[in-house]
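*Asks:* As you go down the protein sequences, you meet chains A and B in turn. Using our numbering, the first residue of the first sequence is number 1, and each one after it goes up by one. Using our numbering, the first residue of the second sequence is number 235, and each one after it goes up by one.
The set of hints was computed from the structure by calculation and includes no laboratory data. Careful: at least some of the hints might be erroneous.
Sample of chain B residues lacking proximity to chain A, with all beta carbon distances greater than 10 Å (derived) [what the hints assert, rightly or not]:
{"id": "1", "residue": "Leu-240"}
{"id": "2", "residue": "Gly-256"}
{"id": "3", "residue": "Arg-260"}
{"id": "4", "residue": "Gln-261"}
{"id": "5", "residue": "Phe-264"}
{"id": "6", "residue": "Asp-276"}
{"id": "7", "residue": "Ala-289"}
{"id": "8", "residue": "Ile-304"}
According to the in silico footprint, chain A covers these stretches of chain B (three or more CB under 8 Å from chain A) [claimed, not checked]:
{"id": "9", "region": "243-255"}
{"id": "10", "region": "266-272"}
Glycine is no exception: its CB is placed at the ideal position from the N, C-alpha and C atoms.
Chain by chain, the residues run as shown.
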Amino acid sequence: MTEPRPRVAVVVFPGSQDDRDAAWALSAVGAEPVMVWHAESELPSRIGAVVLPGGFSYGDYLRCGAIARFAPAMQAVAGFAADGGPVLGICNGFQILCEAGLLPGILRPNESLSFVCRDVAVEVGTAATPFTSRCAPGQRLTIPVKHGEGCYFAPPELLAELESAGRVVLRYAPGENPNGSVADIAGVANAAGNVMGLMPHPEHAVDPLLGSGDGALVLASLVDAAGDRLYAAR
Amino acid sequence: MRATVLVRPKTGILDPQGQAVGSSLRQLGFAVGEARVGRLIDLEVDETDPASARAAVERMCEQLLANPLIESFEIELAGEPA
């Protein structure tokens with residue numbers, strides 16, 4: 001008997017913009033997306049993974065993601081993450097996870113001060129995560145970025161820790177860094193490995209017809225992990 | 235009690251906004267060296283005792299107004315010598 005499609009929550013904040021693209025893409029790779037409004041203080045039942053989508057939550061006031069972390073739904077997401085549940089933050093979702101302290105470091109205005117919107121090549125740093133299990137280490141993925149504040153910063157001690165623990169999950173390929181991120185970092189994971197944020201938008205790259213299907217590898221990895229969490233341990 | 239918070243990019247942190255402002259000023263013919271851009275926040279704090287007001291604003295800075303990784307902050311209370 002086949003299991004039902006794993007349910008993956010997509011948290012919607014005021015100002016989220018890629019929530020429906022994320023839901024569409026998750027559905028395309030075999031999940032049942034469940035939209036969760038930011039004011040909900042609990043996640044729905046039987047959720048195997050959470051996605052924080054891109055956009056401009058709360059108008060990016062103060063600092064990107066700084067206000068969104070106080071949303072009731074974020075308390076539920078923090079609890080889900082503490083319990084080992086896989087959480088993926090895309091673009092603004094990455095910024096929110098950093099401001100919430102669920103991921104290390106912070107995203108600053110692009111070094112160029114210009115909004116960038118184009119395909120970039122990223123390299124997979126490790127395939128041993130719930131977000132890259134369908135990739136090979138070192139594999140090159142083409143995924144679009146579109147952001148004004150994607151310059152990842154971590155102070156030297158933290159950066160050394162991230163590098164030595166293999167927590168840099170995705171790195172812009174040589175010469176591809178679109179925003180001035182330290183060490184070309186495009187995506188990082190938390191110490192436990194179940195929370196990850198990335199600036200590129202995998203949900204915009206799930207169909208080769210639209211330029212690249214590489215983002216599907218990231219989302220399908222997440223859906224695998226959601227399925228494992230929901231069904232494998234039974 | 236009124237309080238003013240000055241949030242600045244920490245020393246050593248690259249500030250592209252400040253660099254752009256500096257180079258624009260130089261293009262206008264002004265003799266300026268480094269420029270750094272921060273943020274100013276005026277607050278009406280519901281405290282009458284300066285010490286408790288300062289303590290409250292410090293907590294606000296730590297929890298929301300500044301990100302300690304990249305920003306430092308200074309607090310000025312109305313009526314206190316800066």
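*Asks:* Hint by hint, note whether the structure agrees.
*Replies:* Now for the hints, and whether the structure bears them out:
no.	hint	verdict
1	Leu-240	15 Å, holds
2	Gly-256	13 Å, holds
3	Arg-260	16 Å, holds
4	Gln-261	15 Å, holds
5	Phe-264	20 Å, holds
6	Asp-276	14 Å, holds
7	Ala-289	21 Å, holds
8	Ile-304	6 Å, violated
9	243-255	holds (count 5)
10	266-272	violated (count 0)
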